[in-house]
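Position one of the sequence shown corresponds to residue 1 (the numbering used here), numbered consecutively onward.
Quick caveat, the hints were computed from the structure, so don't treat them as lab data.
Treat the hints with care, as some may be off.
[Said to hold, decoys possible] Distance ranges between label pairs, derived from CB positions:
no.: 1; residue 1: 61; residue 2: 145; range: 21 to 29 Å
no.: 2; residue 1: 210; residue 2: 327; range: 24 to 32 Å
no.: 3; residue 1: 47; residue 2: 404; range: 25 to 33 Å
no.: 4; residue 1: 210; residue 2: 1; range: 52 to 60 Å
no.: 5; residue 1: 415; residue 2: 207; range: 26 to 34 Å
no.: 6; residue 1: 1; residue 2: 141; range: 55 to 63 Å
no.: 7; residue 1: 202; residue 2: 126; range: 17 to 25 Å
no.: 8; residue 1: 123; residue 2: 17; range: 47 to 55 Å
no.: 9; residue 1: 87; residue 2: 167; range: 16 to 24 Å
no.: 10; residue 1: 167; residue 2: 48; range: 19 to 27 Å
no.: 11; residue 1: 126; residue 2: 28; range: 46 to 54 Å
no.: 12; residue 1: 173; residue 2: 26; range: 40 to 48 Å
no.: 13; residue 1: 61; residue 2: 384; range: 46 to 54 Å
no.: 14; residue 1: 245; residue 2: 47; range: 32 to 40 Å
In this text, a Cβ means the ideal position worked out from N, Cα and C, and glycines have one as well.
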Amino acid sequence: MSTLRLLCATGDLADVDLNDSGAYVRPTGPLRSRVAYAAAHVVPKVHADNTPGQPADIDWDSTLAFRRNVYSWGLGVADAMDTAQRNMGLDAAATRELISRSAEVAREEGGSVVVGVNTDHVADSHISIEQVIAAYLEQLHFTEEQGAGPVLMASRHLARVATGPEDYRRVYREVLSRASVPVVLHWLGTAFDPELKGYFGADDWQSASAVLLEIIEENPDRVAGVKMSLLNAESEISVRSRLPEGVRMFTGDDFNYVALLAPAPAPAPGSPSARDAAERTGSARTEAVPSTATRALGEDRGYSDALLGAFAAITPVASAAIQALDAGDHARYLEILGPTEELSRQVFAAPTFYYKTGVAFLSWLNGHQPAFQMVGGLHSARSLPHLSRIVELANASLALEDPDLARQRWHGMLRLNGVDA
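Using the sequences and the accompanying hints, generate a full structural model.
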């Protein structure tokens with residue numbers, strides 16, 4: 001049996017057995033029990049100047065092939081969001097081209113794509129509330145023209161200029177009133193972006209969530225769902241239980257998604273298990289948002305749907321787990337997906353905003369890109385022992401799609417860094 005060489009933070013080496021792949025099978029039809037999006041990353045050209053501060057020079061063949069692979073496993077793609085290095089290397093021109101190209105691929109593959117709508121094309125760091133609204137609308141209308149489903153991302157500009165909850169209500173009211181299709185609202189926590197501190201007008205999630213729910217209740221026909229990325233299961237369960245009928249909760253909790261997606265009721269707010277979890281912490285326009293028939297699956301309130309960067313790292317495993325739910329086999333779901341949560345926690349470990357490095361690293365190990373490179377030089381954001389732990393956990397959770405290829409690439413990387421492998 002082949003072995004994997006691992007590098008500890010102390011510099012010590014260890015060997016573990018290389019597991020076979022999970023041998024998961026692509027679905028023969030749409031996934032039924034959950035709406036699930038993988039938040040995809042971008043792949044730069046190998047020969048490009050992928051250094052800090054340089055414009056993104058994208059390898060479109062590899063980037064779009066990655067999205068086609070996600071579709072082949074029955075998942076949707078969430079694009080041009082923080083996983084694609086928004087505000088961390090993906091400039092405005094590359095973002096627009098990514099949205100356009102990704103929407104075209106979704107139409108070709110018959111997949112569902114949603115994309116990020118933000119204000120980040122505005123170069124000035126401080127702008128007025130009126131300018132925030134105008135910037136959101138510019139990106140929103142471009143997204144709608146491409147036929148993709150909009151995800152209204154949290155805006156750094158809005159976080160800087162807002163003086164209280166009413167400014168958030170005003171901005172979202174104005175933007176949602178001009179949306180031609182229902183949008184997903186994205187609440188990104190400070191673990192992912194420290195500049196979003198106090199979003200929705202409060203530092204504590206209880207007060208902020210009340211403002212979020214007021215925005216939704218004021219615009220129920222304009223909101224398809226909410227993506228919560230606070231890494232706090234208790235907050236997600238609390239908001240999920242109070243959403244209006246027809247509005248989905250998309251978990252963005254890469255620490256606790258196994259329980260949050262599960263068919264059994266998740267821990268009640270304030271319960272010991274919920275507190276522990278918190279402390280561990282469309283294609284064509286008609287398919288851009290879930291249909292009325294599909295939304296009905298979420299009315300139980302006992303689970304969330306998914307919009308996860310983690311699912312870009314473990315796409316076949318995520319698909320197989322949801323297929324198990326489709327078959328009514330909860331035990332098999334837990335058996336498949338449960339072991340991946342420790343891997344995801346390593347990928348998203350603090351400082352969490354560098355998680356994109358782990359997603360790209362696994363993409364490279366699994367043969368989806370020719371080199372371990374990222375725009376803006378972000379491939380250097382994690383240490384070699386950190387990446388070694390990702391290799392160990394990916395092997396343990398059967399997330400290595402071609403184990404022999406992953407072993408070859410990882411050992412080559414170790415040797416390049418002077419480690420005997």
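Holds or violated: 32 to 40 Å for the Cβ distance of residue 245 and residue 47?
Violated, since residue 245 and residue 47 (Cβ atoms, about 52 Å apart) do not stay within the stated range.
Please test the hint of 55 to 63 Å on the beta carbon pair from residue 1 and residue 141.
56 Å, holds
Between residue 202 and residue 126, is the Cβ distance one that fits in 17 to 25 Å?
Once the Cβ atoms are compared, 21 Å apart, the range 17 to 25 Å for residue 126 and residue 202 holds.
Hint says 47 to 55 Å; check whether the CB-CB distance for residue 123 and residue 17 agrees.
About 52 Å separates the Cβ atoms of residue 123 and residue 17, which means 47 to 55 Å holds.
Assuming the hint says 16 to 24 Å, is it satisfied by the Cβ distance from residue 87 to residue 167 or not?
Check passed, 21 Å falls within 16 to 24 Å.
Has the hinted range 25 to 33 Å been met by the Cβ atoms of residue 47 and residue 404?
At roughly 27 Å between Cβ atoms, residue 404 and residue 47 fall inside 25 to 33 Å, so the hint holds.
Quick one: are residue 210 and residue 1 within 52 to 60 Å, going by C-beta?
55 Å, holds
So does residue 61 sit 21 to 29 Å from residue 145, Cβ to Cβ?
Given about 25 Å between the Cβ atoms, the range holds.
Outcome for the supplied range 19 to 27 Å, where the beta carbon pair is residue 167 and residue 48:
40 Å, violated
Using the Cβ atoms, figure out if residue 210 sits within 24 to 32 Å of residue 327.
This hint is violated: roughly 39 Å between Cβ atoms.
Using the Cβ atoms, figure out if residue 126 sits within 46 to 54 Å of residue 28.
Given range 46 to 54 Å: holds, Cβ gap about 52 Å.
Given a hint of 40 to 48 Å, does the C-beta separation of residue 173 and residue 26 actually sit inside it?
The hint (40 to 48 Å, Cβ to Cβ) holds, given that residue 173 and residue 26 are roughly 42 Å apart.
Hints 2, 5, 10, 13, 14, counting from the list given before, are not met by this structure.
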